Amino acid sequence: MSELVEKFQSLSIQQPDTLSREQQAQAAQWDSVLKTGQFQERLDDLNVLLRDNSFILSTLKPTITDVNVFEVSLPLVKEQVFSSKDVKGTYTKYRHILRWIDYLQKLLKVSEEGQLKISYDIDLPREVI
Amino acid sequence: MPIQLSFDKSKNGDHALLFANNLKIALAIEYCTKDVEISVNDDFKEPQLLISDSARLFDANSILRYAKNDFEGLNSAESHYSLSSLEVILHKKDVPDQHIAECISKSLGVYLKSIEEPISATKLIIFANTYALNPQHVKEHFPNLPEKVVKALLVAEKITPRNLAAVKK
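Protein chains in written order, with this note's numbering: chain X, 1 to 129; chain W, 1001 to 1169.
Watch out, some of these pointers could steer you wrong.
[What the hints assert, rightly or not] Ranges of calculated distance between the beta carbons of each label pair, as one might list FRET restraints:
1) X/Asp45 to W/Lys1093: 16 to 24 Å
2) W/Val1088 to X/Glu6: 42 to 50 Å
3) W/Leu1050 to X/Thr18: 21 to 29 Å
4) W/Ile1100 to X/Glu113: 34 to 42 Å
5) X/Glu6 to W/Met1001: 36 to 44 Å
[Claimed, not checked] So these bits of chain W aren't anywhere near chain X, every CB distance computed over 12 Å:
6) Pro1002
7) Lys1011
8) Tyr1031
9) Asp1042
10) Ala1055
11) Glu1087
12) His1099
13) Ala1101
14) Lys1106
15) Lys1123
16) Asn1134
17) Pro1135
18) His1141
None of these hints come from the bench; they were simulated from the model. Bear in mind the structure is a predicted one, so any value in this text is a computation, not a measurement. For glycine and all other residues, C-beta sits at the position ideal for the given N, C-alpha and C.
In isolation and in its complexed conformation, chain W is listed as follows (with noise of 0.2 Å):
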């Protein structure tokens, strides 16, 4: 039976962050094992993997971190950066422009020099919550991305719920 999965389209949230969701989520679906089925399940407006009846994933990045069956790197620095600084940037408002440029620069200068595959779980999460914040700075930074994530892009950018302030930025 196919695993159900859901993007996030609630309609609270900023429109950074759940693009960042919706992306983690589409490249879950580019890099899923052949040994599971995911099926998406549009009855759902939160992120969400439904795996059994008493198991469920909320956090986009363990449901990319499932369907790709990659667990390295949860300690790592880069982890932890791409978790407690730019994702909490992300659900944060307020935020000084200053400081979401500098950690941009810094991902981008530190853990994110190449996109390339093979790509890890970790590597696709910073790389998603990243380019949330700046997208224009990231493909700048990235003119070739490989093809799972162009794809997976494409699919976060036409899911995404737009708001008036996403339309205004």
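Here chain X stands alone, though its shape is the one from the complex (with noise of 0.2 Å):
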């Protein structure tokens, strides 16, 4: 188990006691992107679904399918956003990602040099959906 899912743990968020199918589906989704190491390539799905939900498992609180896919995408994004020349444009293109990751790093209490620092000064263009 890793460390933000033992964080995860002690913080006694309650869990919904049972998942829909459609929900059970989408937790065996991410955890098959993130097996099978297609993480990358499905960022893009990822900003969608966040676009439409608080969360992964149109949940109102975080689960763990949130943490797992926030661990390996924390650094996979602020890859993204350093090494972009174009930061408006990547904070643009993944916006609710960023919103997602930004809560998730302060909830799960990530090590300042850990976390993705937000500029929250950027101004977006208005998302045309």
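Using the hints, put the two chains back together into the complex; each one sits in its own frame.
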């Protein structure tokens, strides 16, 4: 069990008693993406999912699936932001993932150096859906 | 309203990966529970199951699990091996033949000792990944497969686009 998962479990965030068929399938899908090493290719899909939902399984509070995906996405998105010449473009493209990362890194008390420093001053263009 | 399901017809994927995806989707149709109505949508070229406007599955393993309503064994060693070893090979190019042969041998020797109904989604997924990596070997190992699996194999063979590399193999 990873340190982040342990930290999440120690927070005693109430988890749903049961998950719907759709939620279980969504959890299986992201488990599959992580285990097959296809996460980078699925960043856009994650962004769209988080556009329509606060958390991956459409729950009101984060679940273990959020934490598992967050653990992989944090370094990857950090790298994308650092290496990008077009930071505003990266923020625009992954705005929903950034919102979700911002929430989870604070919730899980990720160390200062481990966090993605998010600039709240960037004026993003209106999203066209 | 029926749920829209699409097969994998993408042109940039390896034939074995496309076949594995299409076999899982064909198995999803065969093993779909009666309370779910599925219709095939040929407009999309990548695997997906559109459950609603805001719920979409793009992963063939999860599409099969959703259709069968079977989420058991997600954290089993069998499932882990199926995804982290076999499916990773399907995604990669230039994996040494010896490594592939060893992985198939472990899959058949440890996890796929028999294919008999009732078959779990976990077993169907590891079967699809193993079969896609070496169909001939798996056919020899299982001369008699369950009817639904045979039907799904025929659909996957028919629907998976052939490419030159696959023909050469």
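Hints versus structure:
At roughly 23 Å, the beta carbons of X/Asp45 and W/Lys1093 sit within the given window of 16 to 24 Å. At roughly 27 Å, the beta-carbon separation of W/Val1088 and X/Glu6 lies outside the given 42 to 50 Å, and the hint is violated. Checking the proposed 21 to 29 Å range against W/Leu1050 and X/Thr18 shows it holds: the Cβ atoms sit about 24 Å from each other. Taking 34 to 42 Å as the suggested C-beta distance range, the pair W/Ile1100 and X/Glu113 conforms, at roughly 41 Å.
Distance hint check for X/Glu6 and W/Met1001: the Cβ-Cβ separation is about 43 Å, which falls inside the suggested range of 36 to 44 Å. With 12 Å as the threshold on Cβ separation, the claim that W/Pro1002 sits away from chain X holds: the shortest Cβ distance comes to roughly 16 Å. Consistency note on W/Lys1011: stated as away from chain X, and its beta-carbon is indeed over 12 Å from all of that chain's, at 16 Å minimum. At the 12 Å boundary, the C-beta of W/Tyr1031 stays outside the reach of chain X, the nearest C-beta of that chain being 14 Å off.
Residue placement check: W/Asp1042 keeps its beta carbon more than 12 Å from all beta carbons of chain X (closest about 21 Å). In this structure W/Ala1055 is not separated from chain X by more than 12 Å, as the shortest Cβ-Cβ distance comes to only about 5 Å. Look at W/Glu1087: its CB is around 5 Å from the nearest CB on chain X, not clear of 12 Å, so calling it non-interface is violated. Against chain X, the non-interface label of W/His1099 holds: every CB pair exceeds 12 Å, the least being about 16 Å.
In this structure W/Ala1101 is separated from chain X by more than 12 Å, as the shortest Cβ-Cβ distance comes to about 20 Å. At roughly 17 Å from the closest C-beta of chain X, the C-beta of W/Lys1106 stays outside 12 Å, upholding its exclusion from the interface. Distance check on W/Lys1123: its Cβ is at least 15 Å (rounded) from any Cβ of chain X, clearing the 12 Å threshold; non-interface status holds. Remark: the non-interface label on W/Asn1134 is consistent with the geometry, its nearest Cβ contact in chain X lying 19 Å away (cut-off 12 Å).
Against chain X, the non-interface label of W/Pro1135 holds: every CB pair exceeds 12 Å, the least being about 21 Å. With a closest Cβ-Cβ approach of about 24 Å to chain X, W/His1141 is found to remain outside the 12 Å limit, as its non-interface label requires.
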